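Protein chains in written order, with the numbering used here: chain A, 25 to 321; chain B, 1382 to 1499.
Do not take every clue at face value.
[Unchecked claim] Computed beta-carbon distance windows for the label pairs:
| # | chain 1 | residue 1 | chain 2 | residue 2 | range |
| --- | --- | --- | --- | --- | --- |
| 1 | B | Gln1466 | A | Thr244 | 54 to 62 Å |
| 2 | A | Ser282 | B | Gln1466 | 18 to 26 Å |
| 3 | A | Leu126 | B | Val1404 | 43 to 51 Å |
| 4 | B | Thr1477 | A | Gln109 | 56 to 64 Å |
| 5 | A | Gly293 | B | Asp1465 | 27 to 35 Å |
| 6 | B | Gln1395 | A | Phe79 | 43 to 51 Å |
| 7 | A | Gly39 | B | Gly1448 | 54 to 62 Å |
| 8 | A | Ala186 | B | Phe1420 | 30 to 38 Å |
| 9 | A | Ser300 | B | Arg1468 | 25 to 33 Å |
| 10 | A | Ala186 | B | Gln1390 | 25 to 33 Å |
| 11 | A | Gly89 | B | Leu1475 | 57 to 65 Å |
Keep in mind the hints are simulated off the structure, nothing from the lab. Keep in mind that this is a model prediction, so the values were computed, not measured. Glycine included, C-beta positions come from ideal geometry on N, C-alpha and C.
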Amino acid sequence: MTAVVELRGLTKRFGKVTAVSDVSVSLEENRIYGLLGRNGAGKTTLMQLLTGQEFATSGEIRVFGESPVENARVLERVAFIKESQRYPDDFRVKHVLRAAPLFFPNWDESYARSLVGDFRVPLDRRMKKLSRGQLSAVGVIVGLAARAPLTFFDEPYLGLDAVARQTFYDRLLEDYSEHPRTIVLSTHLIDEVSNLLEHVVVIDEGRIVIDRDAEDLRGTAATVVGPRSAVDAFAAHRDVLHREGIGGLASVTIGDISDADRKAATAAGLELAPVSLQQLVIATTTDRTTTQQEDAR
Amino acid sequence: MDESRPIFQQIAEQIENDIISGVLPEETQVPSTNEFAAFHRINPATAGKGVNMLVDEGILYKKRGIGMFVAEGARARLVASRRDQFRQQFVAPLLTEAAKLGITTAQLAEMITKQAER
Chain A
25 MTAVVELRGL
35 TKRFGKVTAV
45 SDVSVSLEEN
55 RIYGLLGRNG
65 AGKTTLMQLL
75 TGQEFATSGE
85 IRVFGESPVE
95 NARVLERVAF
105 IKESQRYPDD
115 FRVKHVLRAA
125 PLFFPNWDES
135 YARSLVGDFR
145 VPLDRRMKKL
155 SRGQLSAVGV
165 IVGLAARAPL
175 TFFDEPYLGL
185 DAVARQTFYD
195 RLLEDYSEHP
205 RTIVLSTHLI
215 DEVSNLLEHV
225 VVIDEGRIVI
235 DRDAEDLRGT
245 AATVVGPRSA
255 VDAFAAHRDV
265 LHREGIGGLA
275 SVTIGDISDA
285 DRKAATAAGL
295 ELAPVSLQQL
305 VIATTTDRTT
315 TQQEDAR
Chain B
1382 MDESRPIFQQ
1392 IAEQIENDII
1402 SGVLPEETQV
1412 PSTNEFAAFH
1422 RINPATAGKG
1432 VNMLVDEGIL
1442 YKKRGIGMFV
1452 AEGARARLVA
1462 SRRDQFRQQF
1472 VAPLLTEAAK
1482 LGITTAQLAE
1492 MITKQAER
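Isolated chain A, as found in the complex (with noise of 0.2 Å):
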């Protein structure tokens, strides 16, 4: 495995806020990446870095083994397309279009026209005259069609409809089966893209709390569901990411919960249910302390 993205001790601080704090995480070559968490949380800070948009505070950045700022080699190998992209005043879609060949040369001219037929963008519209989410369509189609061996989609779905992003989960899926590259999906739409992730990173206040291959992820948490006094017997040793109550019910969230463990919760009359990625992810980074306290009142 190549790692394409290597990254150790990262840390970037705007004043006093700390956006990204100590990171070290490794992107294999040809993967689809999640990275996920809530807003905020630094992610979209972390692919500034990575894409040498920002200078990191302190750490180190390697990226295809160079550091990314001011560096053409590794920059004509990285398409970063973000949810607020602008353009200049009077670009049209086929402006567009047709500047994006000079940034990323692995570009497929006859992909990006199908794929314009795919979303029903007008080629000759103002960028300024089209529709929020025209306009991440837009995003998605540079962002296909540049084939760059390192592509980030910074939530590139805001306006689209539930048809145009599954047309662009297909879409993604099928280009990157024919071309693998390494592919990094930050999205508040978990659910929608978690079947489609191979390795899954989730950022919570500047800093990495899952690092794990999806599969691993699945079936790794449940919901234990019971009568309270059973409920807390059962969490009193184990690792409790969610807890919620009402009346004499009572469910936690458990981490990493065994074979062993479920078979214990189904002895002791609880019921299992499963946690889904976008529930994991919930769980992990809600503030411990606020669901404590709206399970007190």
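Using the hints provided, position chain B relative to the given structure of chain A.
Quick look at chain B alone, frame taken from chain A:
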């Protein structure tokens, strides 16, 4: 897809089911990893892991440059191992639940016979 288990296991199980039911007869080609991935909308590496698991078990075999095929004798082997699983997955919990409700083994056998006659 079921959230509680790895997807590759579920993919392998579906291929097994298709072999058992005859949808995928022995010595026929199975869809490619990418076709499985596109159809189920899952990561191709995950689909590949499920297919490779069946290759390791000798249920599927690889023809270089062509693709994956169902091995000879795969169906009989799958049926044998599924029968064993059937006892653990269905018969054992059935007996536990019956005991909880005070149903004796004889009564249970009678219920099964009657249900089958319907």
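Results for each hint:
no., hint, verdict
1, B/Gln1466 / A/Thr244: 54 to 62 Å, "23 Å, violated"
2, A/Ser282 / B/Gln1466: 18 to 26 Å, "21 Å, holds"
3, A/Leu126 / B/Val1404: 43 to 51 Å, "50 Å, holds"
4, B/Thr1477 / A/Gln109: 56 to 64 Å, "59 Å, holds"
5, A/Gly293 / B/Asp1465: 27 to 35 Å, "29 Å, holds"
6, B/Gln1395 / A/Phe79: 43 to 51 Å, "49 Å, holds"
7, A/Gly39 / B/Gly1448: 54 to 62 Å, "58 Å, holds"
8, A/Ala186 / B/Phe1420: 30 to 38 Å, "19 Å, violated"
9, A/Ser300 / B/Arg1468: 25 to 33 Å, "31 Å, holds"
10, A/Ala186 / B/Gln1390: 25 to 33 Å, "29 Å, holds"
11, A/Gly89 / B/Leu1475: 57 to 65 Å, "59 Å, holds"
The structure fails to meet hints 1 and 8 from the earlier list, while all remaining hints are met.
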